[in-house]
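**Student:** Given next are the chains, with one letter for each unit.
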Amino acid sequence: MTATATSTRTMTMVAAINDALDVALGADDTVHIFGEDVGVMGGVFRATDGLQMKYGAERVFDTPLAEAGIVGMGIGMGLAGLKPIAEIQFAGFLYPALDQILSHLGRYRHRTRSRYHLPMVIRAPYGGGVHTPEQHADSPEAILAHTPGVKVVIPSTPADAKGLLLSAINDPDPVFFFEAIKLYRSVKEEVPAGDYRVPLGKARLVTEGDDVTVICYGGMVEVVQKAADAARAAGIGVEVVDLRTLVPMDTETVLASVAKTGRAVIVTEAPRTAGFHSEISAVIAEEAIEYLRAPVVRVTGFDAPYPPFTAVEDVYRPNPLRVAKAIRQVMAY
Amino acid sequence: MVQCLAPDGTVVRPELLPEPAVRLDLYRQMRRARHFDERGWVLYRQGRLGVFPPFGGMEASQVGTAAALTKNDWLFPTYRDTGAALTLGLPIARTLAYWRTSPHGWHMPADLKVLPFYIPIATQYPQAVGAALAERRKGTRNVAMAFIGDGGSSEGDFHEALNFAGALNAPCVFILQNNGWAISVPTRTQTKATDLSRRADGYGIPGVRVDGNDALATYHVTREAVERARSGGGPTLIETVTYRVKPHTVADDPSRYRTEADTAGWDAKDPVLRLRAHLLGAGLMTEPSEAAMLAEIAVEFEAALAEADSYPEPTPAEILDHVFAEPTPQLKQQRAQILAEEQA
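Chains as they are written, first to last, in our numbering: chain A, 514 to 846; chain B, 1161 to 1504.
In short, the hints are calculated from the structure, not lab data.
Please read all numbers here as calculations on a predicted model, not as lab measurements.
For glycine and all other residues, C-beta sits at the position ideal for the given N, C-alpha and C.
Be careful, since some hints might not be right.
Distance ranges between label pairs, derived from CB positions [unchecked claim]:
hint : chain 1 : residue 1 : chain 2 : residue 2 : range
1    : B       : 1504      : A       : 845       : 42 to 48 Å
2    : A       : 825       : B       : 1344      : 30 to 36 Å
3    : A       : 559       : B       : 1422      : 54 to 60 Å
4    : A       : 553       : B       : 1423      : 50 to 56 Å
5    : A       : 822       : B       : 1161      : 56 to 62 Å
6    : B       : 1424      : A       : 659       : 47 to 53 Å
7    : A       : 541       : B       : 1171      : 19 to 25 Å
8    : A       : 800       : B       : 1393      : 58 to 64 Å
Pairs of lysine to aspartate or glutamate residues, derived as EDC-like cross-links and limited to a Cα-Cα distance of at most 16 Å, are as follows [unchecked claim]:
hint : chain 1 : residue 1 : chain 2 : residue 2
9    : B       : 1406      : B       : 1197
10   : B       : 1492      : B       : 1478
11   : B       : 1298      : A       : 541
12   : A       : 701       : A       : 735
13   : B       : 1406      : B       : 1420
14   : A       : 715       : A       : 765
15   : B       : 1492      : A       : 763
16   : B       : 1406      : B       : 1422
17   : A       : 773       : A       : 724
18   : B       : 1298      : A       : 542
19   : B       : 1298      : A       : 571
20   : B       : 1492      : A       : 765
21   : B       : 1492      : B       : 1481
22   : A       : 715       : B       : 1486
Please model the complete structure; the sequences and the hints are all you need to start from.
**Tutor:** The structure is reproduced here in structure tokens:
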């Protein structure tokens, strides 16, 4: 996506994130990384591994254990001209900081008429599929997407993770960057070296197909791909759209695909009621209903807390079979 | 509790007296603040100002503390801290505009680092820590000062901020204005603690309790805290012991939760009259020189009011401005909708 990338290296997603942070720290000394365990330890997932050693404890530092304090302090750093990158250890631990986010992070530019803006990035691992304990697998992206003034980004590949993270860090406004825990080390791909950027607000066509559009992001993309492969083997052309960015959402790509296929399935692992899938569904209903040959179907988690029960976790979190069933449903309507 | 002047203006700690010029300036700033507060009530009753939280009686707590800052420092005020913001230089016209619910009250002057009044309670405390840390990272000697009330000190953000500031040695000065009330809840119902400055002990930082109706005392302890922060000595918590003699807002009826007797004793501790008695007694001010000062303040206020009156009302589409640096496609679409509805 950018001309400055000259070579590539095979990387996992967590390595690509580490690489992006390294590039950002190296390029701009106002960039600061902080959070719980991000310094000496390099983060519980090692996303910040080696960065304190390389850039010093003034720029990559551990904070006391307090999420509101982390986000609130980051806001103050952003006000005073730094570029703060905060890590919230798990997205399910974000909730104590919601007051800072909803009351301040999203509205500073607005309430100061752009005198102050917050070029802050908040990274948080999210989602299930790796048998974590309670409260480690939440998908709270809809809460943030519903908050005016913040952007929400969720990559699904190592290269995208690097490119989107560098765009997020260089964005003048606050960005939530959710990283699917399931994808941290399960996928490897070629990742461009250097200052590689993927623009925010542009969806990715993962595969093309004529019969049904499946819209997804983050940890659900690989689940959807498996279902799409199976459907394709059965002769159904599945177009998979990886949204990449929830705010701003690339409605153009979504609508163009739905206009082509006439069928839409939306897949997320968040709870069902009032999730971001509902927003996508509403946009399709408002803007593309005349193209629809079947009702929009959502494949989601349930309206219950994410279950930490390994034996049945896969019931909550959409799996390829449920997605395949939804594809058959819209085809059979 | 640190005190420099007794309620009758008698000097009790002569070694704490600042220079005469500083004493006079503190008095002028307190008078400016009080004038705003008094005129604000009238303007509210005339329908020329929206609901605002009065602060009359708390001038020494706000002016004496904010006066210890320079324009390079940060000020994080709560909604009741108009007096502090005016002292650091927030224009009266902008302040009036803010309480008129005009976006012109959200335009802060470029030469000031005063944040808009904080409506949520305590959230500004961790932010002040961040601004303070950023100043240190940039190699300046600038500090951040944040205000809170006794009620706000019950919030988690208060504790997180004090802990962060101590752990990270942030050049921060925390002002805890103990004015006795969190709307209708008295401090004794708010907390079992009776000396809120001692909360600093839990975070390993200095805590100071000061007579919040004594501008010379608040100035003295705050200046010490600011100097400590500037020279790398870290944060300080200052509890200013004062009283909210006014209602919570101009729309509040305090007779529902407190008696006049509760408040009466505090009139005798009026911070403006206390410093006035000292200045007159010490020969630093005469009644004619004071009258001239008050006349200047009144003229300044009326000019600011005229300026605030001249600010245009916002247009409908302005509600979508300043959400992001670049409006998203969704915001562009919503702007088009507002413009279309305007023309319909």
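**Student:** So, for every hint listed, does it hold in this structure?
**Tutor:** To see whether the hints hold, each was checked on the structure:
1. B:1504 with A:845: 42 to 48 Å: About 44 Å separates the Cβ atoms of residue 1504 of chain B and residue 845 of chain A, which means 42 to 48 Å holds.
2. A:825 with B:1344: 30 to 36 Å: The hint (30 to 36 Å, Cβ to Cβ) is violated, given that residue 825 of chain A and residue 1344 of chain B are roughly 49 Å apart.
3. A:559 with B:1422: 54 to 60 Å: 59 Å, holds
4. A:553 with B:1423: 50 to 56 Å: 54 Å, holds
5. A:822 with B:1161: 56 to 62 Å: 57 Å, holds
6. B:1424 with A:659: 47 to 53 Å: 49 Å, holds
7. A:541 with B:1171: 19 to 25 Å: 54 Å, violated
8. A:800 with B:1393: 58 to 64 Å: 60 Å, holds
9. B:1406 with B:1197: Distance of about 10 Å is within 16 Å: holds.
10. B:1492 with B:1478: Cα-Cα ~12 Å, so holds.
11. B:1298 with A:541: At roughly 13 Å apart (the allowed maximum being 16 Å), residue 541 of chain A and residue 1298 of chain B satisfy the hint.
12. A:701 with A:735: 13 Å, holds
13. B:1406 with B:1420: 11 Å, holds
14. A:715 with A:765: Given pair residue 715 of chain A, residue 765 of chain A holds - Cα atoms ~9 Å apart, limit 16 Å.
15. B:1492 with A:763: 13 Å, holds
16. B:1406 with B:1422: 12 Å, holds
17. A:773 with A:724: 8 Å, holds
18. B:1298 with A:542: 10 Å, holds
19. B:1298 with A:571: 11 Å, holds
20. B:1492 with A:765: 14 Å, holds
21. B:1492 with B:1481: Holds, because 10 Å separates the two Cα atoms, which is no more than 16 Å.
22. A:715 with B:1486: Answer holds: residue 715 of chain A to residue 1486 of chain B is near 15 Å, not above 16 Å.
In this structure, the hints that do not hold are numbers 2 and 7, in rising order.
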